[in-house]
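*Asks:* Start from the sequences, fold in the hints, and give me the full structure.
2 protein chains.
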Amino acid sequence: MNPDTDTRSRILAAAREMFHGRSYADVGIQEICEAARVQKGSFYHFFPSKRDLALAVIDDMAGDWAHGFVAEAFDQALAPVERLDYMIDAAYYWQKAAADIEGRMPGCLFGNLALEMSTRDDVMRAKLNYVFDKARDRFRATLDEAVATGALAAMDTEATATAMLAYLEGVILLAKTRADPDLILRLGPAIKTLRIEMSH
Amino acid sequence: MNPDTDTRSRILAAAREMFHGRSYADVGIQEICEAARVQKGSFYHFFPSKRDLALAVIDDMAGDWAHGFVAEAFDQALAPVERLDYMIDAAYYWQKAAADIEGRMPGCLFGNLALEMSTRDDVMRAKLNYVFDKARDRFRATLDEAVATGALAAMDTEATATAMLAYLEGVILLAKTRADPDLILRLGPAIKTLRIEMSH
Numbered sequence: 001m002n003p004d005t006d007t008r009s010r011i012l013a014a015a016r017e018m019f020h021g022r023s024y025a026d027v028g029i030q031e032i033c034e035a036a037r038v039q040k041g042s043f044y045h046f047f048p049s050k051r052d053l054a055l056a057v058i059d060d061m062a063g064d065w066a067h068g069f070v071a072e073a074f075d076q077a078l079a080p081v082e083r084l085d086y087m088i089d090a091a092y093y094w095q096k097a098a099a100d101i102e103g104r105m106p107g108c109l110f111g112n113l114a115l116e117m118s119t120r121d122d123v124m125r126a127k128l129n130y131v132f133d134k135a136r137d138r139f140r141a142t143l144d145e146a147v148a149t150g151a152l153a154a155m156d157t158e159a160t161a162t163a164m165l166a167y168l169e170g171v172i173l174l175a176k177t178r179a180d181p182d183l184i185l186r187l188g189p190a191i192k193t194l195r196i197e198m199s200h
Numbered sequence: 001m002n003p004d005t006d007t008r009s010r011i012l013a014a015a016r017e018m019f020h021g022r023s024y025a026d027v028g029i030q031e032i033c034e035a036a037r038v039q040k041g042s043f044y045h046f047f048p049s050k051r052d053l054a055l056a057v058i059d060d061m062a063g064d065w066a067h068g069f070v071a072e073a074f075d076q077a078l079a080p081v082e083r084l085d086y087m088i089d090a091a092y093y094w095q096k097a098a099a100d101i102e103g104r105m106p107g108c109l110f111g112n113l114a115l116e117m118s119t120r121d122d123v124m125r126a127k128l129n130y131v132f133d134k135a136r137d138r139f140r141a142t143l144d145e146a147v148a149t150g151a152l153a154a155m156d157t158e159a160t161a162t163a164m165l166a167y168l169e170g171v172i173l174l175a176k177t178r179a180d181p182d183l184i185l186r187l188g189p190a191i192k193t194l195r196i197e198m199s200h
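Which chain is which? The protein sequence lines are A and B, in order. Positions 1 to 200 (the numbering used here) are the ones given, in order, by the first sequence. Positions 1 to 200 (the numbering used here) are the ones given, in order, by the second sequence.
Hints are not guaranteed to be accurate.
Copies of the same chain are indistinguishable here, so a pair counts whether it falls within one copy or spans any two.
[Unchecked claim] No more than 27 Å apart at the CA atoms, straight line, and that leaves these computed lysine-lysine pairs for DSS-like:
1. Lys-40 <-> Lys-192
2. Lys-134 <-> Lys-50
3. Lys-134 <-> Lys-192
4. Lys-96 <-> Lys-134
5. Lys-192 <-> Lys-50
None of these hints come from the bench; they were simulated from the model.
*Replies:* So, in structure tokens, the structure goes:
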């Protein structure tokens, strides 16, 4: 691997884990450099500021998330409605594994940053919005397919998809507050009961 | 008013607004003292640390919330199911007013602190959990009444109430990320479609 790519990747990986497990404000550049085993001068070569790093972490995780968790969770081999159950299971196993390894449930990095930063940084907010819109589009495509095949009655699939994403974030928020990933399994399946009718 | 009570109240009010509009980590004791017009020595007389202050802010806001917003939103004069609509309207007007006055949508202080602090402070987490449990109990009492009067079919009212609270928090999270209080009005009413059956 190109040494520059490797250094940048190490910084991104360390920052992602630290921002996710703690918060944006709680993590300092010095400790990110220590965790990534890079000098501060090298850090600033790649990221002029902690904020530039956070924006890159969001891009990086959004890419991994879209191609990893989301692509797997919305498994095209499953019937559309079953994908919603599978997605809840995937969210549970993701949080459960993190809780088992790190001793705490980190929640959703995007949701965490959204609540911490939205009133203070419009660029970060816009970027998080974009990530949420992409996730909403996955829900929407699933609902559109379910409506097209007759598995679900016609509805406002965009609004319902947004509601489902909100519910997923809210369930993860409460589960994190309880430090109880099992709550995702208990509440998650009810995501299928959400429904917003088309307004005419 | 007792001068001590007044000083303490000014600190609490300033801190609540600043934590809510920004984040816990982003706000320093010095600026809280300036906003509250108190000396640092006086601050430490009431609150040995910023964390003690945050715990008091949660208690203070939870009290106001239970007796103000929640008591009003879950208006006993309304039929149980109508209370859910009224509660969504109240959440919308609360966030809309804050956005209009402060130029940004602050979201729910409890949800904000829960995502920022849950992995880092078990006492704060437990306190936020308690606040959420109290809110969940309001939803539950409403559902129990609706089931008892036959307005809704039997369900697992505790789990459904928890799901409704999760949804409310998630909708506020997405609305804050979009800086768009109107999303609460668009998505909120679907809270009534959430439903978790009793498991036997």
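*Asks:* Please go over all the hints and tell whether each is borne out by the structure.
*Replies:* Hint check results:
In this homomeric assembly, Lys-40 and Lys-192 never come within 27 Å of each other (Cα to Cα): the closest approach is 48 Å inside a single copy and 52 Å across copies. Taking identical chains as interchangeable, the C-alpha atoms of Lys-134 and Lys-50 lie at most 27 Å apart only when both belong to the same chain, with a minimum of 25 Å there against 38 Å between chains. Taking identical chains as interchangeable, the C-alpha atoms of Lys-134 and Lys-192 lie at most 27 Å apart whether they share a chain (19 Å) or sit on different chains (26 Å). For a Cα distance limit of 27 Å, the shortest separation of Lys-96 from Lys-134 qualifies both inside one copy, at 24 Å, and across copies, at 26 Å.
When the C-alpha separation of Lys-192 and Lys-50 is checked against a cutoff of 27 Å, the pair qualifies neither within a copy, at 39 Å, nor between copies, at 42 Å.
Consistency with the previously given hints fails for numbers 1 and 5, ordered from lowest to highest.
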